[in-house]
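Novice: The lines below spell out each chain.
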Amino acid sequence: MSVELTGAEITIRCLQEEGVECIFGYPGGAVLFIYDELFKQDKVRHILVRHEQAAVHAADGYSRSSNKIGVALVTSGPGVTNAVTGIATAYMDSIPLVIISGQVPTNAIGLDAFQEVDTVGITRPCVKHNFLVSDINELAVTMKKAFYIASTGRPGPVLVDIPKDVTQQKAVFDYPDKLSMRSYNPVVKGNAKQIKKAADLILSAKRPVVYTGGGVILSDAAKLLTELTKMLNYPCTNTLMGLGGFPATDKQFIGMLGMHGTYEANMAMQYCDVLIAVGARFDDRVIGNPKHFSNENRKIIHIDIDPSSISKRVKVDIPIVGNVPDVLKELIRLLKNVEGGPDQNALREWWNQIDLWRARDCLKYDRASSIIKPQMVVEKLYEVTKGDAFITSDVGQHQMWAAQFYKFDKPRRWINSGGLGTMGFGMPAAMGVQLANPKAKVACVTGEASIQMCIQELSTCKQYKLPLKIVNLNNRYMGMVRQWQEFFHGNRYSESYMDALPDFIKLAESYGHVGMKIEQPEDIESALKEAFKLKDRLVFLDFITDQTENVFPMVPGGKGLSEMILV
Amino acid sequence: MENEAGALSRVAGLFSARGYNIESLSVAPTEDPTLSRMTLVTTGSDEVIEQVTKQLNKLIEVVKVIDLIDGNHIERELMLVKIKAVGADRDEIKRLVDIFRGSIIDVTDRSYTIELTGTSSKLDAFLDNIESSAVLETVRTGASGIGRGDWVLRV
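Residue numbers (my numbering), protein chains in the order written: chain P, 185 to 751; chain G, 137 to 291.
Don't read these hints as lab results, they were simulated from the structure. Worth double-checking, as some hints may not be accurate.
[Said to hold, decoys possible] One-sided excerpt, in silico: chain G residues whose CB lies under 7 Å from chain P:
{"#": "1", "residue": "A153"}
{"#": "2", "residue": "R154"}
{"#": "3", "residue": "K190"}
{"#": "4", "residue": "I196"}
{"#": "5", "residue": "V199"}
{"#": "6", "residue": "D203"}
Glycine included, every Cβ here is placed at the ideal spot set by N, Cα and C.
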């Protein structure tokens with residue numbers, strides 16, 4: 185007779201079986217038995233956050249920077265509702281997470297019990313899938329399914345809701361090696377005929393662009409993508425989620441595209457004749473007005489693992505549903521065996537055109553300013569870290585400047601909330617990054633508005649001695665809101681001014697961290713150098729920046745890619 | 137789809153979240169009790185229907201999606217309708233029920249309850265022939281559909 189374990193023991197054993205080393209959570213009534221089992225073992229490390237939103241963001245940052253599955257553990261009711269922002273953030277960016285939530289006992293479900301919410305109902309629209317485990321005998325297989333679903337196909341968060349009584353009941357623990365689900369069979373290999381057609385079209389291009397998104401990062405296809413692009417000598421642009429998919433310092437890189445993309449990337453995107461879209465989804469911040477985008481004739485190849493991403497906003501000519509690395513491998517193999525290559529004369533002309541667009545120098549700013557320019561802080565951050573740091577960000581102007589001015593040569597180094605645009609993401613995500621990469625340099629580029637949305641995590645950083653560098657671009661405004669109000673709302677700065685800011689230096693110090701205030705452009709570099717020398721300390725760098733600086737270029741909402749506002 | 141708690145709400149939630157239209161929806165377990173079959177009637181451009189199909193396929197509990205319009209198919213809907221029936225109208229309504237091949241399944245001295253099966257447009261046509269003030273209550277199941285001929289939907 186096999187030994188029976190409690191549901192709480194089974195839960196932890198499942199995590200161990202999955203090789204989970206680190207989870208993020210916050211205890212409460214419904215998960216007390218699970219926490220008791222956590223206490224009795226030392227294979228799975230638990231990081232105690234200060235708010236459940238941060239638990240999920242940290243698990244998210246952990247996953248994005250390591251390609252492991254992030255795990256968060258929260259209690260029922262408010263534990264779950266607090267976690268929802270984090271779950272929705274991960275869902276929009278397709279990050280593989282498993283969220284374990286406690287639930288009131290099965291006999292109390294539906295009776296408005298203390299700390300009861302309909303967790304499966306609340307999270308349904310923002311998870312890849314979720315489960316309520318009402319039978320202890322289903323617990324292990326459900327956990328297996330959760331990890332399998334989260335990490336296969338187009339990844340995403342999966343939630344497992346476990347009622348308290350199920351964590352107390354006993355069952356034989358039998359963790360399945362393999363799963364087969366008749367209703368879930370993600371496609372891997374792309375259609376060979378489609379790939380062949382794509383190869384032919386690629387070679388016929390006169391004005392090609394390779395446009396890549398988060399799918400290249402998530403599927404670890406950056407090397408293959410780079411190989412393909414270098415082989416062809418085609419220009420490459422990345423989306424906000426795709427930065428690092430192709431080396432930013434390479435001359436074939438034409439910058440990020442989209443609402444705040446470079447002039448050359450957006451113009452090339454608009455006027456190319458063959459567009460090779462890889463792991464990207466043509467979203468509204470990337471192509472602007474889809475009608476305007478369709479005004480120009482171009483053939484589009486779209487490689488994506490999710491069939492529903494194909495022809496959703498833009499009709500494509502050669503759809504290839506499949507795992508990006510598998511498709512790229514096959515494409516490279518085909519292209520290598522073809523005699524002759526692309527039309528070199530046409531390509532030369534195209535590069536000449538792109539260089540003319542580049543000469544517009546769309547990211548220029550006043551480098552001689554006596555007030556700190558936020559762009560310069562990011563440039564110096566790049567120099568001081570030699571481009572080798574993990575950079576997380578919050579949401580707003582600082583996020584765009586970080587994306588524009590930090591040159592990401594490697595994937596998984598740029599970690600931000602692209603889809604949902606969650607302020608408060610940066611610091612907790614950086615905690616996860618640091619825990620997944622203990623020796624790495626980790627900086628969170630943020631603003632004084634965003635950082636206050638999860639500022640309580642300075643306490644978590646203290647507890648676990650996480651030596652993050654918080655680069656606060658403090659312009660005393662919700663900068664991106666202010667920018668839109670300046671451009672589109674007649675300079676009426678409705679509620680976008682950050683009045684009554686705390687003294688961030690004293691605040692950081694009160695948590696036992698180091699605080700620095702930087703007010704002069706000439707001090708930027710030395711402050712950053714000093715901060716990174718403090719290898720085992722969190723340093724909060726409060727940069728007092730130009731209040732009126734705007735992010736350029738900008739494609740206003742509803743406009744086309746070639747209708748940028750330029751500096 | 138899998139005959140599991142919550143599967144129906146995932147489908148309904150998908151339609152409301154993405155702004156798709158549900159004209160009717162009917163669902164019940166199949167000969168395999170672990171599976172449910174759902175017939176859902178929706179409208180939209182080809183692009184929208186393509187997205188609806190893809191999004192439905194993405195739901196973990198959905199095993200297979202087919203668009204019955206793509207092939208020859210049969211659809212039927214059941215309606216129960218209670219109609220005011222007094223005086224000379226009683227004969228007239230009875231005749232109408234015969235013409236539409238329905239049956240009167242309950243009778244009082246003031247009303248008939250009628251059972252009628254057919255395509256949704258046939259049911260509409262029946263109702264169009266009854267004075268609207270005489271229609272006391274209608275219950276419709278929504279369409280159920282199946283492919284014509286030997287072709288079978290297997291999972």
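Novice: Name the hints, by number, that the structure is in violation of.
Specialist: Of the numbered hints given earlier, those the structure breaks are 2 and 6, listed in rising order.
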